[in-house]
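Number of protein chains: 2
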Amino acid sequence: MQITGTLLIGQQSVNGSNGTVRAINASTGTSIEPPFGGATLADLDRACALASEAFDAYRETTPDQRATFLETIAQNILAIGDILIERCMVESGLPRGRLEGERARTVNQLRLFADVVRNGDFIGARVDPAQPERKPMPRADLRLRHISVGPVAVFGASNFPLAFSVAGGDTASALAAGCPVIVKAHSAHPGTAELVGRAVQQAVKACALPEGTFSLLYDSGREIGQGLVKDPRIKAAGFTGSRAGGTALMKLAAARPEPIPVYAEMSSINPVLLFPGALHNRAEDIAKAFVQSLVLGAGQFCTNPGLVLGVDGTDLDRFIGAASTALEAAPAQTMLTPGIHNAYACAVKKTQTQADVKTAARGAIATGEHQAQAALFVTTAEAFRHNPELHEEIFGASSLIVRCPTIDTLLELVESLEGQLTAALHIDEVDHDAARPFLPALERRAGRILVNGFGTGVEVSHAMVHGGPFPSTADGRSTSVGSLAIDRFLRPVSYQDLPDSLLPDALKHENPLGLNRRIDGKLHLTD
Amino acid sequence: MQITGTLLIGQQSVNGSNGTVRAINASTGTSIEPPFGGATLADLDRACALASEAFDAYRETTPDQRATFLETIAQNILAIGDILIERCMVESGLPRGRLEGERARTVNQLRLFADVVRNGDFIGARVDPAQPERKPMPRADLRLRHISVGPVAVFGASNFPLAFSVAGGDTASALAAGCPVIVKAHSAHPGTAELVGRAVQQAVKACALPEGTFSLLYDSGREIGQGLVKDPRIKAAGFTGSRAGGTALMKLAAARPEPIPVYAEMSSINPVLLFPGALHNRAEDIAKAFVQSLVLGAGQFCTNPGLVLGVDGTDLDRFIGAASTALEAAPAQTMLTPGIHNAYACAVKKTQTQADVKTAARGAIATGEHQAQAALFVTTAEAFRHNPELHEEIFGASSLIVRCPTIDTLLELVESLEGQLTAALHIDEVDHDAARPFLPALERRAGRILVNGFGTGVEVSHAMVHGGPFPSTADGRSTSVGSLAIDRFLRPVSYQDLPDSLLPDALKHENPLGLNRRIDGKLHLTD
Numbered sequence: 008m009q010i011t012g013t014l015l016i017g018q019q020s021v022n023g024s025n026g027t028v029r030a031i032n033a034s035t036g037t038s039i040e041p042p043f044g045g046a047t048l049a050d051l052d053r054a055c056a057l058a059s060e061a062f063d064a065y066r067e068t069t070p071d072q073r074a075t076f077l078e079t080i081a082q083n084i085l086a087i088g089d090i091l092i093e094r095c096m097v098e099s100g101l102p103r104g105r106l107e108g109e110r111a112r113t114v115n116q117l118r119l120f121a122d123v124v125r126n127g128d129f130i131g132a133r134v135d136p137a138q139p140e141r142k143p144m145p146r147a148d149l150r151l152r153h154i155s156v157g158p159v160a161v162f163g164a165s166n167f168p169l170a171f172s173v174a175g176g177d178t179a180s181a182l183a184a185g186c187p188v189i190v191k192a193h194s195a196h197p198g199t200a201e202l203v204g205r206a207v208q209q210a211v212k213a214c215a216l217p218e219g220t221f222s223l224l225y226d227s228g229r230e231i232g233q234g235l236v237k238d239p240r241i242k243a244a245g246f247t248g249s250r251a252g253g254t255a256l257m258k259l260a261a262a263r264p265e266p267i268p269v270y271a272e273m274s275s276i277n278p279v280l281l282f283p284g285a286l287h288n289r290a291e292d293i294a295k296a297f298v299q300s301l302v303l304g305a306g307q308f309c310t311n312p313g314l315v316l317g318v319d320g321t322d323l324d325r326f327i328g329a330a331s332t333a334l335e336a337a338p339a340q341t342m343l344t345p346g347i348h349n350a351y352a353c354a355v356k357k358t359q360t361q362a363d364v365k366t367a368a369r370g371a372i373a374t375g376e377h378q379a380q381a382a383l384f385v386t387t388a389e390a391f392r393h394n395p396e397l398h399e400e401i402f403g404a405s406s407l408i409v410r411c412p413t414i415d416t417l418l419e420l421v422e423s424l425e426g427q428l429t430a431a432l433h434i435d436e437v438d439h440d441a442a443r444p445f446l447p448a449l450e451r452r453a454g455r456i457l458v459n460g461f462g463t464g465v466e467v468s469h470a471m472v473h474g475g476p477f478p479s480t481a482d483g484r485s486t487s488v489g490s491l492a493i494d495r496f497l498r499p500v501s502y503q504d505l506p507d508s509l510l511p512d513a514l515k516h517e518n519p520l521g522l523n524r525r526i527d528g529k530l531h532l533t534d
Numbered sequence: 008m009q010i011t012g013t014l015l016i017g018q019q020s021v022n023g024s025n026g027t028v029r030a031i032n033a034s035t036g037t038s039i040e041p042p043f044g045g046a047t048l049a050d051l052d053r054a055c056a057l058a059s060e061a062f063d064a065y066r067e068t069t070p071d072q073r074a075t076f077l078e079t080i081a082q083n084i085l086a087i088g089d090i091l092i093e094r095c096m097v098e099s100g101l102p103r104g105r106l107e108g109e110r111a112r113t114v115n116q117l118r119l120f121a122d123v124v125r126n127g128d129f130i131g132a133r134v135d136p137a138q139p140e141r142k143p144m145p146r147a148d149l150r151l152r153h154i155s156v157g158p159v160a161v162f163g164a165s166n167f168p169l170a171f172s173v174a175g176g177d178t179a180s181a182l183a184a185g186c187p188v189i190v191k192a193h194s195a196h197p198g199t200a201e202l203v204g205r206a207v208q209q210a211v212k213a214c215a216l217p218e219g220t221f222s223l224l225y226d227s228g229r230e231i232g233q234g235l236v237k238d239p240r241i242k243a244a245g246f247t248g249s250r251a252g253g254t255a256l257m258k259l260a261a262a263r264p265e266p267i268p269v270y271a272e273m274s275s276i277n278p279v280l281l282f283p284g285a286l287h288n289r290a291e292d293i294a295k296a297f298v299q300s301l302v303l304g305a306g307q308f309c310t311n312p313g314l315v316l317g318v319d320g321t322d323l324d325r326f327i328g329a330a331s332t333a334l335e336a337a338p339a340q341t342m343l344t345p346g347i348h349n350a351y352a353c354a355v356k357k358t359q360t361q362a363d364v365k366t367a368a369r370g371a372i373a374t375g376e377h378q379a380q381a382a383l384f385v386t387t388a389e390a391f392r393h394n395p396e397l398h399e400e401i402f403g404a405s406s407l408i409v410r411c412p413t414i415d416t417l418l419e420l421v422e423s424l425e426g427q428l429t430a431a432l433h434i435d436e437v438d439h440d441a442a443r444p445f446l447p448a449l450e451r452r453a454g455r456i457l458v459n460g461f462g463t464g465v466e467v468s469h470a471m472v473h474g475g476p477f478p479s480t481a482d483g484r485s486t487s488v489g490s491l492a493i494d495r496f497l498r499p500v501s502y503q504d505l506p507d508s509l510l511p512d513a514l515k516h517e518n519p520l521g522l523n524r525r526i527d528g529k530l531h532l533t534d
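Chains as they are written, first to last, in the numbering used here: chain H, 8 to 534; chain A, 8 to 534.
No wet-lab data here; the hints were simulated from the structure.
It is possible that some hints are incorrect.
[Unchecked claim] Which residues of chain H face chain A? A partial, calculated answer using Cβ under 8 Å:
#1 D128
#2 L149
#3 S468
#4 S501
#5 Q503
Glycine is no exception: its CB is placed at the ideal position from the N, C-alpha and C atoms.
Please construct the entire structure, taking both the sequences and the accompanying hints into account.
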């Protein structure tokens, strides 16, 4: 497979003429061939028109057709072979092992959604049979299914060039729901985007789906991304990135004549709570695991542990000591883009100069141009309480430990936090009673609560929530990882007294799709 | 039970001192005693503080406790007796039969949600058991449940003083989900609001729930309604009313530092499509049923059939003739408020003067001051196509028939419509093939599709959708009627590796609540 630098609009390869996106070698900062032509507004219009045309046919594909399509995409991504990993390594600066793992995750994610589609429970079929004899009024026959919301815009993420980009979680769940997808590639990895985009494009063709089911656009500025969210044919958007970027899209979407949901996954510091018993028994072990999670992938994860709250004392000193030792041994790592590296360096510098913040440790000094040096800071509860800047996410391997005088202070600081993707409790059995009152506070502000673990390493499964109250995401009622992510792109439609021949298969009397259905409120399984 | 004019803040009765809301006799326009004191910002703050304090305890009540609470509210509403119906008749101008029916509906709705809570499926419990031996990485134990979003603001609706107001569908579904509720009473029926509010307040006490579970406020202007949506402790809002009111709340909610969902049910003209076969066989019968639906409750329903599209010809002439005859016999009816009556009269007058719009019939002339005269207009496809004002909702018993030259024109006009709550197809067997291509177009823009019926008379059941794409509602992914309405007030939380003693009952290993659960993606029923 060749990287050509063209947009993929339906089945066509189109030379974008609206400026140029250039891939950058993350390690050296030098640009890589070929240049990618930015989409024009006419390209955007064409992609939206195709998506809109494709919508009715695509959303009525059978579960099996749609599942096969997702599996074909997975197969095609694997078939690209090593060229995908190599290109992605250069563009992202991420090591081979990580990217091979991410490819496996991306492929498994597509297959998970194929299973979800075949299972059919996401349709949420409901039947309230007619009651013609009911007094004082007869009851009509009512049937409900969920249909897809319409064409979806997906924004590629800088930090997951595979798993949260062209054929990542947003795309997989939207396609599974029955939504055509238009991806705006992230400018940091356009070559990776094209390779994966072609895998999707070829799957569309192989499965004989309408060509507008998928398009891929590059944006040399912000015009195309914004234009996508504003286009009346787009009915939802998925985004993983910065708080500034996500909230900008939320505002655009809310200001449309017809507002649409934006599922933006944005910003989280993922508090880690250290309880006295666990700290006493395992301070050094927890510290080592913490630093491992902190420096993983140069800390470029939404679930990176950016905040540690612990009860002050000698056990916390032991934790800080062991964490500092581990961190100092952590090699500098190349960050995803020069911009991200620069933002990280500035944020760390700023934290160093905050009142009552001490530098506990720094990682190994950088040897390459865009490498980041890990950082660990310590502050007081008082300083954290009064300085909102210490609550802000630093994207990268930097974390702040807060010395809390008592366990009550710990809970008080938890209650001062914004919405989070994850929160981790480190507890031993002796801590269980002390931990219990933390759970309501954590449930109110986090999408996932962990015990004796860290938020990095997000399982793609059925019980996962990768979401949380604002500002961790735009919409705390949703998850962007796991099978429940499909719900973001569905809406219910009710059918009253339709003759069987006009009902969708999901709701026909004979239940030809063999769906589990809720009949008069009660679930009935077919197997 | 006495009507005292006081706010209900938790268990307290408080004299509001921020201006006065006066109930108006809908038939005469004269004001009724007592005056209701408007809430101050301090009252609002107190209600929000109580709701926020109540949240953790209320949301963790057992399914049985919460169901009993809903049933107690229902019982208490019935126990008010005839004073409720009489007060409501005076305040709303609606007849006794309608209000007795609406009371039954309100009570049944509370009981339906009690069943939904006891059933427990709304919790959406999921378990992905740990796989400690999995390679390359072990899988953690992951468990997911839905919790309630937080305190909810509910706005009473003018047109359903019982079923969509203080203890109506929004309140019932929010309480069922586990959300404390603060109601802003509609100024058109404050006495009805207080009576029902006291029924809820007493149920809170009888069930020994935290007092902040429910409060009721009157608003002498817009300060309290707006203040509720802006308050950081409020996490969602439910509204039924005008497009202007709903979109104003949507904008407020989107502009908050932490945006929240607003479920506003706003505006719909509920297209009725007349197909040639049905028209030929049953023009007169359909016309009579249509007028019956149109004038029901003075046309003051969100699902009122405000638009009829039919293929032009002698059969449509027969329909128009029969509908005109039926409409002319329709008595004038008192509208809910002088303001609503005035808006109706102005809108009808404006329609009369639109180019190419002819008045087909008017109902009986009004004899009372705030009575409305029904109206039926006819226009051409050409005029409808080019005049967006003809697409706007007229709240009341007014409808517009559009003569379409062909069935293709009919489909074309359907594709020009905004989002709708309902769409009705009138078809005989001979029309089925012609109707089929309409379904995708209707699914894209309506929440409920009916055959040979009309949208009025919204069943409160499991397969009902009373929702639809904007502007029919703020959020087309939701319904405000039926058991699915509970989903609006829930968000998922995932628990990773929690010891059993710290897990919520819904997710404990022994499944003490006896919930149906999804295990590794597959539903398992407990009975």
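Here is what the structure says about each hint:
| no. | hint | result |
| --- | --- | --- |
| 1 | D128 | 7 Å, holds |
| 2 | L149 | 4 Å, holds |
| 3 | S468 | 5 Å, holds |
| 4 | S501 | 4 Å, holds |
| 5 | Q503 | 4 Å, holds |
In summary, the structure agrees with every hint in the numbered list given earlier.
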